[in-house]
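So in the working numbering, the last one in the sequence shown is 377, and the numbering has no gaps at all.
If you are wondering where the hints come from, they were derived from the structure by calculation, not from laboratory data.
Don't take each hint at face value.
Unchecked claim - Quick list of simulated restraints, FRET-style, between CB atoms: (1) Gln132 with Thr376: 47 to 55 Å; (2) Glu331 with Thr296: 40 to 48 Å; (3) Val280 with Thr369: 17 to 25 Å; (4) Glu373 with Ser184: 29 to 37 Å; (5) Arg238 with Ala262: 28 to 36 Å; (6) Arg238 with Lys349: 36 to 44 Å; (7) Thr369 with Ala317: 18 to 26 Å; (8) Gly131 with Glu331: 23 to 31 Å.
Even for Gly, the Cβ is constructed at its ideal location relative to N, Cα and C.
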Amino acid sequence: MDLGLHGQATYTPFVVVGRSRVGSNLLRGLLNAHPQIATFGEVFRSMDSLDWDHVGYFQSRETKILIEQDPVRFLDRRVFGRYPRATRAVGFKLFYYHARTGAAASIWPYLRERRDLKVVHLKRRNLLRTHLSRKRAALTDQWVKTTGQPDGSVVVTLDFDECLKDFAQTRTWELECDEYFAAHTRREVTYEALAGDYGTEIQSLHEFLGVPFQPAKPSTFKQAKQPLSAMIANYPELKERFTGTGWAEFFTE
Numbered sequence: 125m126d127l128g129l130h131g132q133a134t135y136t137p138f139v140v141v142g143r144s145r146v147g148s149n150l151l152r153g154l155l156n157a158h159p160q161i162a163t164f165g166e167v168f169r170s171m172d173s174l175d176w177d178h179v180g181y182f183q184s185r186e187t188k189i190l191i192e193q194d195p196v197r198f199l200d201r202r203v204f205g206r207y208p209r210a211t212r213a214v215g216f217k218l219f220y221y222h223a224r225t226g227a228a229a230s231i232w233p234y235l236r237e238r239r240d241l242k243v244v245h246l247k248r249r250n251l252l253r254t255h256l257s258r259k260r261a262a263l264t265d266q267w268v269k270t271t272g273q274p275d276g277s278v279v280v281t282l283d284f285d286e287c288l289k290d291f292a293q294t295r296t297w298e299l300e301c302d303e304y305f306a307a308h309t310r311r312e313v314t315y316e317a318l319a320g321d322y323g324t325e326i327q328s329l330h331e332f333l334g335v336p337f338q339p340a341k342p343s344t345f346k347q348a349k350q351p352l353s354a355m356i357a358n359y360p361e362l363k364e365r366f367t368g369t370g371w372a373e374f375f376t377e
């Protein structure tokens with residue numbers, strides 16, 4: 125948004141960094157329930173299709189050209205532009221692997237150099253559930269759940285080597301992100317804490333972002349409530365192979 129002389133830019137700029145299937149839609153919905161916070165979606169997920177994921181925001185031809193040719197200016201003008209006086213915090217979602225090639229890659233050093241930027245680092249302790257969630261979402265093509273209705277029975281077989289690679293890659297991304305934004309004011313949020321007690325977590329985040337606390341309710345729901353052993357066809361085999369490794373804790377139900 126850019127209201128020009130009619131707006132203000134004294135709000136708190138922030139970014140939610142993480143990866144897929146760690147609760148970013150849950151978090152974004154809770155943040156956007158506050159009238160003084162604007163949290164956009166994965167605007168750099170694809171340079172071909174801008175994902176504002178926000179009411180009243182659309183992809184215009186002018187905006188598409190701007191994000192392709194000058195991503196940093198796009199952030200300055202379209203994301204961190206001028207807003208109504210009531211807006212106190214503005215941010216967007218950015219996954220570790222977004223904007224890593226071409227002109228878009230320039231946003232990473234830009235964000236690191238903005239010391240006024242606050243960083244919310246969203247993680248999930250149980251990476252097996254992250255991996256499983258992505259597999260199930262790819263099979264069902266259901267990436268966000270907006271109703272509390274129970275899921276159908278979706279059982280998948282997971283490959284040991286693929287799990288191992290995904291676990292290690294995610295931990296590497298997390299460490300690299302913490303190091304990259306080490307000089308910033310940061311707040312780590314875990315999916316487990318957010319899903320377990322979102323009221324306490326969102327109150328802490330409101331304080332972190334400098335807005336008065338207002339209770340919020342989730343706009344999305346868990347996509348899987350069954351135990352891991354009921355959703356993974358080869359669960360016993362996987363659990364045995366990971367026994368004695370640093371990843372064995374993921375198999376404690």
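A quick look at each hint next to the structure:
1. Between Gln132 and Thr376 the Cβ separation comes to about 49 Å, which falls inside the hinted range of 47 to 55 Å.
2. Take Glu331 and Thr296: their Cβ atoms lie about 31 Å apart, and the range 40 to 48 Å is violated.
3. Checking the proposed 17 to 25 Å range against Val280 and Thr369 shows it holds: the Cβ atoms sit about 21 Å from each other.
4. At about 47 Å, the CB distance of Glu373 to Ser184 disagrees with the hint of 29 to 37 Å.
5. The beta-carbon spacing between Arg238 and Ala262, approximately 34 Å, falls within the hinted interval of 28 to 36 Å.
6. The hinted range of 36 to 44 Å is satisfied by Arg238 and Lys349, whose Cβ atoms lie roughly 39 Å apart.
7. In this structure, Thr369 and Ala317 meet the distance hint of 18 to 26 Å, their C-beta atoms being roughly 25 Å apart.
8. Taking 23 to 31 Å as the suggested C-beta distance range, the pair Gly131 and Glu331 conforms, at roughly 25 Å.
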